[in-house]
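Enquirer: Each chain, letter by letter, is given below.
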Amino acid sequence: MRRRKYSLIIPFLAPALILYGTFVLYPYLQAMYIAFTSWRGLRRAPRFVGLENFQKLLGDDHFWNALYHNGIYVVVLPIVTLGFALFLAFMITQKVRFSNFYRVTFFFPQVMSVVAIGILWSFVYHPSIGILNAFLKLIGISNPPVWLGDPNTALGAIAAVTIWQAAGFYMVIFMAGMQSIPTSFYEAAALDGATRGNIFFRITLPLLWETTRSALVFIVINAMNMFGITFTMTIGEAGPDLATDVLATLLYREAFTHSRFGYATAIAMAYFLIVMFLSFVLMRVTRRQTIEF
Amino acid sequence: MVNQESRWSSFITQLVLIIWSIAVIFPMLWMIFSSFKTDQELFFSPWSFPKELQWNNFARAWTSAHVGDFFFNTVIVVIPALLLTLIISAMAAYVLARFDFVGNRAIFYLFLAGMLFPVFLALVPLFSLVNSLNMLNTFQGLILVYIAYSLPFTIFFLTGFFKTLPTELEEAAIIDGANEYQVFFRVMLPLASPGLISMGIFNFLGMWNQYILPLVLVTSEDKYVLSQGLYFMLAKQFYQNDWSALFAALTIIMVPTLIVYVIFQKQIQSGLTTGALKG
Numbered sequence: 008m009r010r011r012k013y014s015l016i017i018p019f020l021a022p023a024l025i026l027y028g029t030f031v032l033y034p035y036l037q038a039m040y041i042a043f044t045s046w047r048g049l050r051r052a053p054r055f056v057g058l059e060n061f062q063k064l065l066g067d068d069h070f071w072n073a074l075y076h077n078g079i080y081v082v083v084l085p086i087v088t089l090g091f092a093l094f095l096a097f098m099i100t101q102k103v104r105f106s107n108f109y110r111v112t113f114f115f116p117q118v119m120s121v122v123a124i125g126i127l128w129s130f131v132y133h134p135s136i137g138i139l140n141a142f143l144k145l146i147g148i149s150n151p152p153v154w155l156g157d158p159n160t161a162l163g164a165i166a167a168v169t170i171w172q173a174a175g176f177y178m179v180i181f182m183a184g185m186q187s188i189p190t191s192f193y194e195a196a197a198l199d200g201a202t203r204g205n206i207f208f209r210i211t212l213p214l215l216w217e218t219t220r221s222a223l224v225f226i227v228i229n230a231m232n233m234f235g236i237t238f239t240m241t242i243g244e245a246g247p248d249l250a251t252d253v254l255a256t257l258l259y260r261e262a263f264t265h266s267r268f269g270y271a272t273a274i275a276m277a278y279f280l281i282v283m284f285l286s287f288v289l290m291r292v293t294r295r296q297t298i299e300f
Numbered sequence: 021m022v023n024q025e026s027r028w029s030s031f032i033t034q035l036v037l038i039i040w041s042i043a044v045i046f047p048m049l050w051m052i053f054s055s056f057k058t059d060q061e062l063f064f065s066p067w068s069f070p071k072e073l074q075w076n077n078f079a080r081a082w083t084s085a086h087v088g089d090f091f092f093n094t095v096i097v098v099i100p101a102l103l104l105t106l107i108i109s110a111m112a113a114y115v116l117a118r119f120d121f122v123g124n125r126a127i128f129y130l131f132l133a134g135m136l137f138p139v140f141l142a143l144v145p146l147f148s149l150v151n152s153l154n155m156l157n158t159f160q161g162l163i164l165v166y167i168a169y170s171l172p173f174t175i176f177f178l179t180g181f182f183k184t185l186p187t188e189l190e191e192a193a194i195i196d197g198a199n200e201y202q203v204f205f206r207v208m209l210p211l212a213s214p215g216l217i218s219m220g221i222f223n224f225l226g227m228w229n230q231y232i233l234p235l236v237l238v239t240s241e242d243k244y245v246l247s248q249g250l251y252f253m254l255a256k257q258f259y260q261n262d263w264s265a266l267f268a269a270l271t272i273i274m275v276p277t278l279i280v281y282v283i284f285q286k287q288i289q290s291g292l293t294t295g296a297l298k299g
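First to last, the protein sequences are chains A and B.
The first sequence begins at 8 in our numbering and counts up by one.
The second sequence begins at 21 in our numbering and counts up by one.
Keep in mind that a hint or two might mislead.
[Unchecked claim] Here are the simulated SDA-like cross-link-like pairs (lysine to any residue), alpha carbons at most 20 Å apart as the crow flies: (1) A:K12 <-> B:W50; (2) A:K102 <-> B:W28; (3) A:K12 <-> B:I194; (4) B:K286 <-> B:R206; (5) A:K12 <-> B:K286; (6) B:K286 <-> B:S41; (7) A:K144 <-> B:I194; (8) B:K256 <-> A:T160; (9) A:K144 <-> B:N124; (10) A:K12 <-> B:R125; (11) A:K102 <-> B:V36; (12) A:K144 <-> B:V36; (13) B:K256 <-> A:P134; (14) A:K102 <-> B:R125; (15) A:K102 <-> B:W67; (16) B:K256 <-> A:A141; (17) A:K102 <-> B:I32; (18) B:K71 <-> A:N107; (19) A:K102 <-> B:L209; (20) A:K144 <-> B:I195; (21) B:K286 <-> A:F108; (22) A:K12 <-> B:V207; (23) B:K71 <-> A:A141; (24) A:K144 <-> A:T160; (25) A:K12 <-> B:W28; (26) B:K286 <-> A:N107; (27) B:K286 <-> A:K144.
Worth flagging that the hints you see were computed from the coordinates, not collected in a lab.
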């Protein structure tokens, strides 16, 4: 029974449509225009400049620097995080002792706010009060790096925190996928004398392909963002010599420190297009025939 | 031979799992111990237990570092934003799932489109819009924006949920003489509570930890929410030295999250992971 009751439909949809239209759709549509303007601060009006912002972008070292860092994250984070998460998920689902404790523990960092994690880890890395260097000195490394203060180690230090935070999250996602694989498959493999490695590569991984695809797209979108952790751990300064700057921190600085609204929105537009392109390519490249079971 | 191999590999397995547990737990334990130490102890005896429990650190964090204020600001914003998000989304999702009207599909896809764009693209126009509504540095501005950005996914999820609910109860209620509003509030909404709970947990965590939106829309210190308040505490730390209070502040934030998580870990894990896979 489908009903047509406009007296109900309109008041039920109106609040959502009004809020969404005003605060979400309208700003996104406006952004499409602002990216093509020069707009220096709220008191002035935006002035249409065509493609000027995008031309400037192509010649801007800061833009390429930030994009390069995002590029490193896009390559490193999925491989290390998803690889490790798959390994953990496979181990825990193989009837290991205390598996519930591990599942609950490993997921916890995902629940914490990114600011809390950023601050906690900037303490861990801190050259004088940090526990990491205290540990390194304890085991005899007399001159440990200053991590976040050194352009050579800062980006890696931030990537490590991101992996620390996300591994348990992806592990739980993979575990859900693994639990839907019928145990008879494993039993049959075990009867045939398959090793754990065989079982993992021949059974688990192929049957987990759809989950892996979604996880891959999701983690790549996150690797293109990285705003919260970078902004917190480098106190908004984008690291020594911009060594940890990413597109999101760059456009935030352009907009809210330098009041270059038009240019910042053009960076945001480039960022959006790159994310769309990457997601599209990833979905295409990883497409396989689904295995029904 | 096989037996030996499996014993060896299960030893390695346990070893990796134990090492990773330590890697996850140790920084947090260290943080909690540090929040009870003096600044002196922080610098010179990183491995020892606190000599005396410095409860004073927590008092300083709560009052003079304003963590208490930030906490209440966050509660004032998140509670109404969360409740309104759930009710507004449920109403829209119910109509989209159960009623036939011109433009139903179009409106559904319009909401879906909001999940496609990164919030960074909207920052500048949103800032200027909220400014022209005179809502910068106000709680109501933050509440409206939080709701608006939570709608797309919540409506998407709940529309799917309402579609799976049986129609018999609705029909029975109408035959019993209930009007459309009563059907929704007395029959459908209670039936949808599992879906509302998942979305409640998902949105609560998102709003409680929200960072970029308050950073842009709130610049006066008395209106800071927890995440940005903590960030500015850290930024200030370079000028005034009260590390132990900062550790205490961090513990104040983390321990309630930990307790809630341990109690509701099943629901929280499924709430957060469905968000990722369907989003």
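Enquirer: Is A:K12 close enough to B:W50, meaning Cα to Cα at most 20 Å?
Expert: violated, 60 Å
Enquirer: For the pair supplied as a hint, A:K102 and B:R125, confirm whether the alpha-carbon distance does not exceed 20 Å.
Expert: Distance ~46 Å between A:K102 and B:R125 Cα, so the pair is violated.
Enquirer: Check whether the Cα positions of A:K12 and B:V207 lie no farther apart than 20 Å.
Expert: Satisfied, since the Cα-Cα distance of roughly 17 Å is no more than 20 Å.
Enquirer: Taking 20 Å as the top limit, are the C-alpha atoms of A:K12 and B:I194 close enough?
Expert: Given that 20 Å is the threshold and the Cα spacing comes to 13 Å, the pair holds.
Enquirer: If you draw a straight line from the CA of B:K286 to the CA of B:S41, is it 20 Å or shorter?
Expert: holds, 19 Å
Enquirer: Is the straight-line distance between the alpha-carbon of A:K12 and that of B:K286 20 Å or less?
Expert: With a Cα-Cα distance of about 39 Å, the restraint between A:K12 and B:K286 is violated, given a limit of 20 Å.
Enquirer: Measure nothing beyond the straight line between the CA atoms of A:K102 and B:W67; if it is 20 Å or shorter, mark the hint as holding.
Expert: Violated - the C-alpha atoms of B:W67 and A:K102 are around 36 Å apart, more than 20 Å.
Enquirer: For a C-alpha distance cap of 20 Å, please report whether B:K286 and A:N107 respect it.
Expert: holds, 11 Å
Enquirer: Please work out if A:K144 and B:I194 have their alpha carbons no farther apart than 20 Å.
Expert: Not OK: A:K144 and B:I194 at ~74 Å, beyond 20 Å, violated.
Enquirer: Run the distance test for B:K286 versus A:K144: straight-line Cα separation, threshold 20 Å.
Expert: violated, 40 Å
Enquirer: Hint check: B:K71 vs A:A141, CA-CA at most 20 Å. Holds or violated?
Expert: holds, 19 Å
Enquirer: For B:K256 and A:T160, compute the direct alpha-carbon distance and say whether it is at most 20 Å.
Expert: violated, 24 Å
Hints 1, 4, 5, 7, 8, 9, 12, 14, 15, 16, 18, 19, 20, 25, 27, counting from the list given before, are not met by this structure.
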